[in-house]
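*Asks:* Sequence:
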Amino acid sequence: MKDGNGVKLLRSFHDSAKTEWFFTVCWAYDTENDVHVVIAGGNRGIIRVIDVVTGDLVN
Numbered sequence: 010m011k012d013g014n015g016v017k018l019l020r021s022f023h024d025s026a027k028t029e030w031f032f033t034v035c036w037a038y039d040t041e042n043d044v045h046v047v048i049a050g051g052n053r054g055i056i057r058v059i060d061v062v063t064g065d066l067v068n
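Throughout the sequence shown, residue numbering follows our numbering, covering 10 to 68 in sequence.
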């Protein structure tokens with residue numbers, strides 16, 4: 010979201026893989042669990058699925 014002073018950060022995540030660089034993001038809908046998720050992929054092949062409502066990682 011952009012306001013008069015630039016970009017406003019709404020949420021950030023810190024991952025346990027300190028050397029991973031996440032650069033690919035995809036919005037998706039999990040039909041089995043009825044939740045919206047964001048999927049982030051990194052340069053070492055690590056993929057994280059994040060529940061957008063709770064902010065929790067999805068297994």
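Simulated from the structure, these hints should not be mistaken for laboratory data. We put the CB at the ideal spot given by N, CA and C, even for glycine. Mixed in with the good hints, there may be bad ones.
To be verified - Quick list of simulated restraints, FRET-style, between CB atoms:
1) LEU66 to LEU18: 14 to 24 Å
2) ASN14 to VAL47: 18 to 28 Å
3) THR63 to PHE31: 33 to 43 Å
*Asks:* Now tell me, hint by hint, if it's right for this structure.
*Replies:* Right, here's what the structure says about each hint:
{"no.": "1", "hint": "LEU66 to LEU18: 14 to 24 Å", "result": "20 Å, holds"}
{"no.": "2", "hint": "ASN14 to VAL47: 18 to 28 Å", "result": "25 Å, holds"}
{"no.": "3", "hint": "THR63 to PHE31: 33 to 43 Å", "result": "19 Å, violated"}
The structure fails hint 3 only (numbered hints given earlier).
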